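> Residue 495 in the UniProt record's numbering sits at position 495 of the sequence shown, and the numbers go up by one each step.
Derived from the structure by calculation, the hints contain no laboratory data. Here the structure is a predicted model, which means the values were calculated and not measured. Keep in mind that a hint or two might mislead.
To be verified - 25 angstroms max Cα-Cα, derived DMTMM-like pairs, lysine to aspartate or glutamate:
1) 274 / 494
2) 422 / 366
3) 514 / 494
4) 76 / 40
5) 199 / 332
6) 473 / 565
7) 199 / 291
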Amino acid sequence: MNEQQPSEATAARPRAISPVIPLAILALYWGAFLTINYLELAVFQTFLYRLATTLALVIVFAGWWVFNRGASWREKLAIPLVAIASLFVTMAISSPELEAKPLVAPIMFIIGAAVTLATLWIAVTRHASPATRRRGFIALAILMWSPLALIRTSGMSGGALPEMHWRWTPTSEQEFLASRQQKAATGGRGASSTDTATKPLAANQNDWTNFRGPNRDAVLHNVKLNTNWEQTPPKELWRHRIGPGWSSITTAGDRLFTQEQRGDREAVVAIDAKTGEEVWSHEDQARFSEELGGDGPRATPTFADGRLYTLGATGILNCFEAADGTLVWTRDIAKDSGAKLPEWGFTSSPLVVDGRVIVFAGGPEDQSLLAYAAADGQPAWNVASGGHSYSSPQLASFGGKQQVLYLSDKEFTSADPATGKKLWGFSAGHTRTGMPATQPHLIGPDEVMIAFTEAGGTMLLELKPGAEGEEWKIDSKWQSRDLKPYFNDYVRYEDAVYGFDGNIFACIDLKTGKRHWKKGRYGAGQVLLVADQGLLLVLSEEGEAIIVEANPEELKEVARFPVLEGKTWNHPTIVGDRLYVRNAEEIACYELKLQ
1 MNEQQPSEAT
11 AARPRAISPV
21 IPLAILALYW
31 GAFLTINYLE
41 LAVFQTFLYR
51 LATTLALVIV
61 FAGWWVFNRG
71 ASWREKLAIP
81 LVAIASLFVT
91 MAISSPELEA
101 KPLVAPIMFI
111 IGAAVTLATL
121 WIAVTRHASP
131 ATRRRGFIAL
141 AILMWSPLAL
151 IRTSGMSGGA
161 LPEMHWRWTP
171 TSEQEFLASR
181 QQKAATGGRG
191 ASSTDTATKP
201 LAANQNDWTN
211 FRGPNRDAVL
221 HNVKLNTNWE
231 QTPPKELWRH
241 RIGPGWSSIT
251 TAGDRLFTQE
261 QRGDREAVVA
271 IDAKTGEEVW
281 SHEDQARFSE
291 ELGGDGPRAT
301 PTFADGRLYT
311 LGATGILNCF
321 EAADGTLVWT
331 RDIAKDSGAK
341 LPEWGFTSSP
351 LVVDGRVIVF
361 AGGPEDQSLL
371 AYAAADGQPA
381 WNVASGGHSY
391 SSPQLASFGG
401 KQQVLYLSDK
411 EFTSADPATG
421 KKLWGFSAGH
431 TRTGMPATQP
441 HLIGPDEVMI
451 AFTEAGGTML
461 LELKPGAEGE
471 EWKIDSKWQS
481 RDLKPYFNDY
491 VRYEDAVYGF
501 DGNIFACIDL
511 KTGKRHWKKG
521 RYGAGQVLLV
531 ADQGLLLVLS
541 EEGEAIIVEA
551 NPEELKEVAR
561 FPVLEGKTWN
571 HPTIVGDRLY
581 VRNAEEIACY
591 ELKLQ
């Protein structure tokens, strides 16, 4: 009988922690986390769902940990406290760059990995001594945050995944600034072009003078490409480092214009189109940085009548003589409107029309859409058009009336470019996830296609002017979630629309909004229409140039060629037989063979 009684040591030993429940929790978590990638969700929705799933994991796992009977209360309290203390210590020694940015995405993945390792340790040490199990938990609690001390981030991908690098590796901006210092030390400098510096700069017929081209629609005319890139691939003419930023490239004559970040200064840069060397630059004391996009200005310069108009990410609106960079006037649209700095910076590429420079500020009341006199920068008019948006003003003509269109979180607004008088507004309706970040796309004399948010998809509107003194009639012909652009604009060719549904290239029917296909795995890229051939030039997030037929029946790739390295969100530019591309790390020019 005595031999059947448990010993005193055995009776005092805590029972083992069963891994069944944590393994079930883990299976549910990773199943949900991975399934999210295959749902028809907007990119920002995907991020929010991942965040919600991770929070649910923390709550459920913490609840199980508190109420499981296999661990002592000392163990239950000590391990979370060690993990919290470890986080504070890690943040104290982490990269200053990391401290300056939100850590939601990296922490989300660290928590998922830590819970996974803890669960596996529970399973492995189920029959080990409590001391062995406890040592493993403490080691995990101490080390789980160690990646934050070893990494830096450079933003996130278009799929809302963090881009992480070893802390000790230089950033592309640091390498860029070092190359500039070295060039200055050796007497190197940009092309002087002194023969044209005193002459007003003029644009050629096919120059790319605005964001997404002359009409802001990413449509290229008067060019036919030789698409046999296997035999005649794009020829690299020059390539240079560039400061971070998502500004695209505009052109006028023999000049290219863009914006970039240079340390604590934001720069507008004029570049010699033949060599890629800097002709002139202007720097303002300003720096913008955020977790998703990273560093640098967002808006694209606008060329008009010999002058260049630029908007920085913190709200600095400048006007220059485009030939030599002389600053004509400057404004601060945040100060003028009372607007707060948007989460992703000011992104409105200036629209110049009828002697007015129009930008979106998003200030309170009627300080939303602002117009300044192009000649001297004096305020001309302002109109209410919502508080948040990452779109740019668009010029259009409906019912014989020229008007400026703007897409915001509140409504789709039309205003008279000369006076700022509001002509009509189409409400965004109920609150949706995200903010507008694409351009209104003019379809016909009385139709326009818009996307208020990625989650809401696209819609086709029909506009009809009312009789004298009556309001415009605006009807939605269809609304579709089969094309959900994020910050990736779309193009129309004949009766089909081509663009990015999340991170996958897709085609929908213009008349119905129904999807034809969704197949192109190009990440968060951009697209340009070569109208004379019915071809699409897609610039992928990975920096590949891909030629695709504008074919509603199927996705048919014609050619592809790598043109850049690194994350590429900037729109491509084609002028004649030259392809200009850039991202946050480099800028390059390629010669294209034409038919």
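> Confirm or reject each hint.
Hint check:
1. For the hint pairing residue 274 with residue 494, the CA-to-CA distance comes to about 35 angstroms; that exceeds 25 angstroms, so the pair is violated.
2. For the suggested pair residue 422 and residue 366, the alpha carbons sit about 11 angstroms apart, so the restraint of at most 25 angstroms is met.
3. Of the pairs offered as hints, the one joining residue 514 and residue 494 holds, with about 15 angstroms between alpha carbons and a cut-off of 25 angstroms not exceeded.
4. Taken as a hint, the residue 76 and residue 40 pair is broken in the structure, with Cα atoms around 40 angstroms apart against an allowance of 25 angstroms.
5. Taken as a hint, the residue 199 and residue 332 pair is broken in the structure, with Cα atoms around 29 angstroms apart against an allowance of 25 angstroms.
6. Between the alpha carbons of residue 473 and residue 565 the distance comes to roughly 48 angstroms, so the proposed pair goes past 25 angstroms and is violated.
7. For a cut-off of 25 angstroms, the pair hint linking residue 199 to residue 291 is broken: about 42 angstroms separates their Cα positions.
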